[in-house]
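So the chains spell out like this:
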Amino acid sequence: MTREEIIKLIFAIIAEIAPDEDLSHVAPDVPLREQLDLDSMDFLDIVMELRKRHGVEVPEADYPELVTLDKCVAYLGPKLKK
Amino acid sequence: MTSPAGNGLEKFRANLLAGVSGIRHIQVRHLGKVCAGICDFDEFRHQTKKARRRGTVAGSIATFCSGEALANAGINLEEADRSRIGVYVGITEHGTLETFLEVHSLREHNDDIRFWSHHQNPRSIANNPAGEVTLNLKITGPHYTLGGACAAGNLGIIHGWQMLLQDDVDVALGGGVSECAVEFGVFAGFRAEGALAEHEDPTRASRPFDLKRNGVVVSNGGCLLVLERLERARARGARIYGELAGYFINSDASDFVLPNSDRQAECMAGALRKAGIQPGDIDIINTHATGTRGDIMECQAIRKVFGDRSGAFINNTKSFIGHAMGAAGSLELVGNLPSFDDRTVHPTINVDELDPECAVPNLIIGKPRAKDRVEYILNNSFGMLGLNSTLIVKRYTP
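Chain order of the listed sequences is C and W.
Following our numbering, the numbering of the first sequence begins with 49 at its first residue and continues without gaps.
Following our numbering, the numbering of the second sequence begins with 114 at its first residue and continues without gaps.
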């Protein structure tokens with residue numbers, strides 16, 4: 049899966065979880081929660097949607113790997129390949 | 114307020130006077146086609162899309178009703194002391210809908226518990242509908258729900274009144290909500306009791322007092338009133354719809370589901386006593402009658418208190434909107450409040466052949482009727498486990 053495809057996948061999830069947010073100017077290297085109105089429950093929603101939609105399990109210890117878009121791409125890339 | 118027969122008092126009242134039912138057929142999981150009352154309202158007028166996604170149907174209804182009620186009352190939250198606003202929402206039940214949805218989602222994932230939502234607890238806790246109001250409208254006063262079966266709408270108003278009397282708050286949002294008509298549970302429960310209304314024409318399914326009534330039409334709805342102490346409402350020039358005059362709440366202590374006319378009569382008599390008035394002072398009795406055998410018990414209770422020569426006009430709102438459960442008490446009351454001004458009493462509809470056991474005097478059937486004097490309205494709301502409530506509202510005279 050390409051970087052663009054992974055970002056599209058992440059945005060599709062965030063768009064559903066935080067439908068009031070504008071995702072057009074999200075910087076890839078800045079923590080998502082600093083740019084968007086996302087709280088810890090929303091973050092759990094992202095983890096749940098990755099599980100439901102893509103069969104990807106993110107253990108709690110790995111939650112920091114989803115802090116920015118760049119980190120999401122690096123972390124999810126190998127898992128989505130499987 | 115939102116009801117199956119319209120949002121806002123003006124639209125709702127117009128439908129009550131025009132005899133327009135709000136009942137339709139819907140498809141419900143496991144049951145298929147059922148008669149139901151569904152509310153269509155703008156969910157996002159007073160909450161964000163994210164808040165709606167995270168919350169519940171009942172929370173959304175309560176938020177819409179609260180926002181609309183405050184706007185109607187001319188209370189600007191930007192200027193109000195939000196810590197002095199209390200939110201008291203009557204509910205028949207809360208949490209079962211959310212649990213049904215979650216259990217079905219779990220089944221779709223082969224009972225893998227990792228798919229159980231972290232939103233389940235905040236959605237299903239009993240204070241949810243009132244709590245969502247405070248979250249969405251940034252109200253910092255007290256909030257909680259009152260579990261009062263189908264008497265809950267009255268209980269929300271009564272409790273708000275009590276909190277005003279003891280100066281806990283300056284503004285009370287009191288009333289009730291229902292989200293029952295979304296999932297199969299409440300429908301299936303009534304069907305299992307042999308008490309779920311069925312009719313080819315859904316607009317004729319809810320028929321209290323009719324000989325061929327065959328049960329309850331389950332409905333959604335919500336109605337929250339802005340309650341204030343009279344001097345404060347006067348001081349800010351509020352539009353005052355009526356004055357709370359008396360109430361009574363009691364218990365049958367006799368059966369889980371069957372009503373008890375003696376206790377209902379005591380409830381009405383108690384409310385009259387608290388209001389300091391006589392049965393002859395009441396001009397409108399809005400009945401609780403649901404389209405079941407219980408209608409007879411309520412008529413017996415009315416006869417016990419008001420006799421056979423009462424001048425009170427008697428009507429019923431469920432014939433239009435079905436049984437809005439937790440919202441029934443407050444919705445049915447407000448639908449009658451315009452009578453103080455227009456001196457017209459809305460009817461009960463769908464009575465083709467009156468059950469002789471429900472033949473109380475001055476039952477207004479089919480068409481509205483003018484009444485020279487409307488000074489007091491009495492509103493009955495009764496609930497399972499034998500919970501009775503009566504609320505009396507007086508015309509406001511400036």
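Where hints are given, some of them may not hold.
[To be verified] Estimated spans, in silico, between C-beta atoms of each pair:
(1) 234(W) / 56(C): 26 to 36 Å
(2) 112(C) / 311(W): 54 to 64 Å
(3) 185(W) / 118(C): 20 to 30 Å
(4) 49(C) / 305(W): 29 to 39 Å
(5) 115(C) / 162(W): 16 to 26 Å
(6) 82(C) / 191(W): 45 to 55 Å
(7) 118(C) / 138(W): 46 to 56 Å
(8) 88(C) / 124(W): 37 to 47 Å
Treat the hints as calculated values from the structure; they're not laboratory data.
The beta carbon of each residue, even a glycine, is placed where N, CA and C say it ideally should be.
Checked hints:
1. 234(W) / 56(C): 26 to 36 Å: holds (32 Å)
2. 112(C) / 311(W): 54 to 64 Å: holds (57 Å)
3. 185(W) / 118(C): 20 to 30 Å: For residue 185(W) and residue 118(C) the Cβ distance comes to about 50 Å; the hint is violated.
4. 49(C) / 305(W): 29 to 39 Å: violated (50 Å)
5. 115(C) / 162(W): 16 to 26 Å: Holds, at about 24 Å.
6. 82(C) / 191(W): 45 to 55 Å: For residue 191(W) against residue 82(C), whose Cβ atoms are near 28 Å apart, the range 45 to 55 Å is violated.
7. 118(C) / 138(W): 46 to 56 Å: holds (52 Å)
8. 88(C) / 124(W): 37 to 47 Å: holds (41 Å)
Figure legend: structure checked against the earlier numbered hints; hints not met, in rising order: 3, 4 and 6.
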